[in-house]
Amino acid sequence: MVEPKGQRRLFLILSTAPAVLLFAVTVVFPLVTGLGYSLFKWSGTSGKRRFIGLDNYLQLIRDPLVPAVIGHDMFLVVVKIVGIMLCAVFFAVALTQFKLKEAPFYRVVFFFPQVMAAVTIGVLWIFVFNNDLGLVNGLLRAAGLGSLARPWLGDPAWALVSIAVPVIWAGVGFFMLMIVSAISGISSSLLEASQLDGAGRWRQFWSITVPLIWPQLRDAIVYIAITSLNGAFILVMVMTNGGPDNATQLMGSYLMEQAFTRYNFGYAAAIGALIMVVASTTVLVLRLLMRRNPLED
Amino acid sequence: MSSPASSAARAAIRSTGRPGFRIGSVLVRVPLLVWSLVVIYPIFWMFLGAFKSNAEIFRSPWALPESFSFDNFARAWGEYGVGGGLLNSALVTGLGTVLTLLVGLPAAYSIGRLKFPGASVIYSVFVVSLSIPAVLGVIPLFFLMLDNGLLNNQAALSVVYAGTRIAFTIFLLCGFMHAVPAELEEAAALDGLGRWQTLWRVVAPMMTPALITVAVMNAVTFWNEYVLALVLLPREEVRTIGVVLSYMSVNAQYTNDWGGLFAALSLSVIPVIVVYALLQKQIVRGMVEGALKD
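Top to bottom, those sequences are chains B and D.
Residue numbers for the first sequence, in my numbering: 7 to 303.
Residue numbers for the second sequence, in my numbering: 98 to 391.
Derived from the structure by calculation, the hints contain no laboratory data.
Note that the coordinates shown come from a computational prediction; the quantities given were computed from them, not determined experimentally.
Using N, Cα and C, we set each Cβ at its ideal position, and we do this for glycine too.
Certain hints may be false.
To be verified - Just a few of them, taken from the derived set where beta-carbon distance is under 8 Å, the chain D residues facing chain B:
id, residue
1, Val131
2, Ser133
3, Val135
4, Ile137
5, Trp142
6, Met143
7, Phe144
8, Phe155
9, Leu188
10, Phe213
11, Pro230
12, Thr261
13, Ile263
14, Ser343
15, Ser346
16, Ile367
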């Protein structure tokens with residue numbers, strides 16, 4: 007293409023600069039500055055900002071709540087991975103192996119919660135778990151198991167488990183479609199060949215489909231972990247605000263509480279750094295664990 | 098060569114299948130139907146509750162409404178500020194979506210198509226940023242807005258929104274850039290069109306499906322966003338619908354106005370249902386492919 011060099015350069019700069027600038031101001035600058043904040047004791051008004059080095063991080067290590075909060079996040083990551091993958095894989099296989107006429111209905115319905123706001127899902131599920139009016143206790147009472155009914159979100163032993171339910175509820179459809187799209191990518195001649203051999207549908211699934219879609223399954227699992235660590239705390243903020251007695255507190259909700267309820271901005275920033283470390287470690291460990299295709303050899 | 102008879106026999110076998118197949122397809126429907134119910138029922142229940150008086154909700158929380166009353170909707174819209182919240186959400190969502198496209202498309206064109214030196218570095222930084230937990234950024238963004246008098250400014254929030262989605266937008270658009278044939282651009286250059294004209298008149302129309310997908314995905318994200326909206330638009334008049342809902346939910350513990358809250362929830366979901374019904378294919382494709390590529 008014939009084009010003066012200066013003109014091309016001008017176009018490249020004018021087309022790319024706004025995006026780079028916007029990204030720098032709203033993503034890079036806040037993350038870098040945030041890490042900087044973690045070295046200060048700071049209650050918000052700029053006059054009271056005092057450099058304290060790594061003291062916030064020492065406080066993080068001594069804070070008895072921190073291991074519990076990390077544990078809650080890890081609990082949700084594990085429950086979410088197991089719960090979503092079991093349901094999503096089962097439904098995906100059901101939809102791809104059995105040619106059901108109403109398959110589009112399931113796709114549309116199962117995916118829908120994915121486009122609902124976390125706040126809407128949270129408020130809706132507060133009702134579902136409501137002690138007097140909720141569906142869960144209502145079903146238990148109707149089944150004659152009324153003794154099991156309890157204020158789910160108010161019970162320290164059950165609150166976090168209860169939070170995990172809407173998390174799975176909202177995610178299954180999305181990952182089901184992800185796996186369906188992976189399975190559809192397998193060449194059908196491979197599957198046909200195995201059917202001629204008389205392989206049963208589930209055996210065919212484990213010995214042929216799973217190894218072939220393993221890269222996508224692995225990506226899905228990592229993606230579940232990332233989205234859980236990044237976003238599950240919003241449900242907690244809406245549904246329990248970390249309670250009862252911090253039983254559902256996650257790293258993200260703890261950061262928000264320290265920053266915008268207690269105005270410990272420096273300490274909150276240190277929690278933010280912790281989230282990054284925990285998230286990247288989790289992803290790294292998951293990738294290491296799933297490095298090899300367990301079914302390939 | 099297969100005779101007509103044997104192909105008919107094969108067709109017969111295909112239609113009945115193996116004996117296990119038909120039982121299997123009945124059995125497999127049970128979990129599918131149960132899960133459909135699990136997904137639909139709470140949402141259905143929320144809509145029903147929106148038409149019931151609070152007394153009726155307490156008396157028979159699950160039953161169909163005795164009569165359909167719009168009182169809850171009127172109260173939610175006016176008294177609880179759901180109307181204002183929807184308007185504010187529409188404003189930040191609209192501004193943010195347009196801004197993301199206006200900034201994202203030219204950059205995606207330069208990075209993904211013209212591949213200038215350094216383009217791959219910028220692209221990698223964008224892609225890496227997609228999996229970094231961003232909640233830490235909320236604190237500096239709060240002070241950035243506070244110090245510059247931009248707290249409670251909807252336009253400022255939409256700029257932040259655009260920034261948080263620019264990496265994803267460019268990432269997704271770059272993936273679709275190869276669908277534009279290079280010959281078209283060459284023809285445009287021969288016709289004397291400049292780069293900008295080529296971009297808006299030739300490339301953008303070719304990319305329409307991708308642009309719709311990314312716009313809808315961004316719009317859904319902005320409409321549903323909670324944390325930034327909570328922190329950057331705290332004043333009552335500028336709150337977005339999600340923030341209005343969360344305050345209503347806290348207050349409902351004391352007011353027991355569940356009917357009003359159900360109505361507010363329904364009003365917040367209706368726009369999402371409409372968009373989902375119209376653009377379900379684009380949303381699903383964009384979200385599923387976007388997640389698989391990183």
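Requested in this report: Please name the hints from earlier in the document that this structure breaks, with their numbers sorted from lowest to highest.
Outcome: 1, 7, 9, 16
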